[in-house]
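J.: From first to last, the protein sequence lines stand for chains A and B.
Following this note's numbering, the numbering of the first sequence begins with 284 at its first residue and continues without gaps.
Following this note's numbering, the numbering of the second sequence begins with 284 at its first residue and continues without gaps.
Because the hints were derived from the structure by calculation, they are not lab data.
Watch out, some of these pointers could steer you wrong.
It does not matter which identical chain is used: a pair holds within one copy or between any two.
What the hints assert, rightly or not - 16 Å max Cα-Cα, derived EDC-like pairs, lysine to aspartate or glutamate:
1) Lys-454 x Asp-359
2) Lys-381 x Asp-354
3) Lys-381 x Glu-435
4) Lys-286 x Glu-299
5) Lys-365 x Glu-405
6) Lys-454 x Glu-299
7) Lys-381 x Glu-434
8) Lys-352 x Glu-405
9) Lys-454 x Asp-354
Protein chains: 2
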Amino acid sequence: MRKTVYEGRMVNLIVEDVTLPNGVVTRLEFMTHPGASAVVPLHDDDTITILRQYRHAVGQYLWEVPAGKLDRKGEDPLACAKRELAEEAGLAAKEWTKLGSIYTTPGFCDEIIHLYLARSLEPVEQHLERDEVIEVHRMTLQEALAKIPTEEIRDTKTVGALLAAARMLGK
Amino acid sequence: MRKTVYEGRMVNLIVEDVTLPNGVVTRLEFMTHPGASAVVPLHDDDTITILRQYRHAVGQYLWEVPAGKLDRKGEDPLACAKRELAEEAGLAAKEWTKLGSIYTTPGFCDEIIHLYLARSLEPVEQHLERDEVIEVHRMTLQEALAKIPTEEIRDTKTVGALLAAARMLGK
Chain A
284 MRKTVYEGRM VNLIVEDVTL PNGVVTRLEF MTHPGASAVV PLHDDDTITI LRQYRHAVGQ
344 YLWEVPAGKL DRKGEDPLAC AKRELAEEAG LAAKEWTKLG SIYTTPGFCD EIIHLYLARS
404 LEPVEQHLER DEVIEVHRMT LQEALAKIPT EEIRDTKTVG ALLAAARMLG K
Chain B
284 MRKTVYEGRM VNLIVEDVTL PNGVVTRLEF MTHPGASAVV PLHDDDTITI LRQYRHAVGQ
344 YLWEVPAGKL DRKGEDPLAC AKRELAEEAG LAAKEWTKLG SIYTTPGFCD EIIHLYLARS
404 LEPVEQHLER DEVIEVHRMT LQEALAKIPT EEIRDTKTVG ALLAAARMLG K
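Make the full structure from the sequences, and use the hints.
T.: Below, the structure is given as structure tokens:
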């Protein structure tokens, strides 16, 4: 039994009877998602561009690195990262480094986010969607990293990308 | 309009007409989740206990630190962390340090995972649920950290917790 119980704008919810590798048969709920890319935009002066974005699901503004969904499963994640960096942060980058990738909720969703460091930045035109509530900010990489243990920065792609960038750069 | 379109074992799916802070009215889909805790169990010899867990939603085994859902919204996250460390990894810890917390998918779910470092470990009895497919492994913290840029470790709570622990410990 595999049934799509809800087809949404962002996710589809599926209920399926599954035989696990240990032989147990169980009914699982999970969602499919196209995947996403996220970018740490690091300027030459060691500041980053970081967004303050309203998230209704958690009822608050969060600090987030620029990010967005792939147009479809299989879109080149780097092309998506470049598009989102331009649309959300108004930036283009000459130098791109892959930092890793993260499954955000493998217990119930197949979303994967590809993490990038973007350097050699220059301004381009920003294009927000009408349902995106985003302010663009600058802070040093060290200021941003200090907000992780204090729980001021809690968005998981932002936590993972900032820490991975700092480790890769030895900062 | 706010309607629960699916009530599941793990999540409830809600559709709601929302007025955003910028005045835009839009229909949003999101899920509610009780929250969770995750633990990096660091032994005295600088190895960690880490799990190999089958995840049907992504169709593969993932490397994951011990973790699990809160019994209910509002349960003490540290109590949850202690329970999951015992049940999944067969360990108890005398020394606990909060590393931060992560919203895993703030675009469509309110799940938050509280991240801990656990030290001064001792063995206790492991209790797996019948639908948990988990192998317990040991590797050094450095070996685990090296698997993040190579994308062998991709579970987001594991990426965030390992990098935050390494940064806090100066390792």
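J.: Next, verify each hint and record whether it holds.
T.: Going down the list of hints, with the structure as the test:
1. Lys-454 x Asp-359: neither (29 Å within a copy, 34 Å between copies)
2. Lys-381 x Asp-354: Neither. Shortest intra-copy (19 Å) and inter-copy (37 Å) distances fail the 16 Å Cα cut-off.
3. Lys-381 x Glu-435: between (25 Å within a copy, 14 Å between copies)
4. Lys-286 x Glu-299: within (6 Å within a copy, 23 Å between copies)
5. Lys-365 x Glu-405: within (12 Å within a copy, 47 Å between copies)
6. Lys-454 x Glu-299: The answer is neither: 45 Å in one copy and 43 Å across copies each exceed 16 Å.
7. Lys-381 x Glu-434: between (25 Å within a copy, 10 Å between copies)
8. Lys-352 x Glu-405: Neither. Shortest intra-copy (23 Å) and inter-copy (43 Å) distances fail the 16 Å Cα cut-off.
9. Lys-454 x Asp-354: For Lys-454 and Asp-354, the Cα distance exceeds 16 Å both inside one copy (33 Å) and across copies (38 Å).
In summary, the structure is inconsistent with hints 1, 2, 6, 8 and 9 from the numbered list given earlier, while agreeing with the others.
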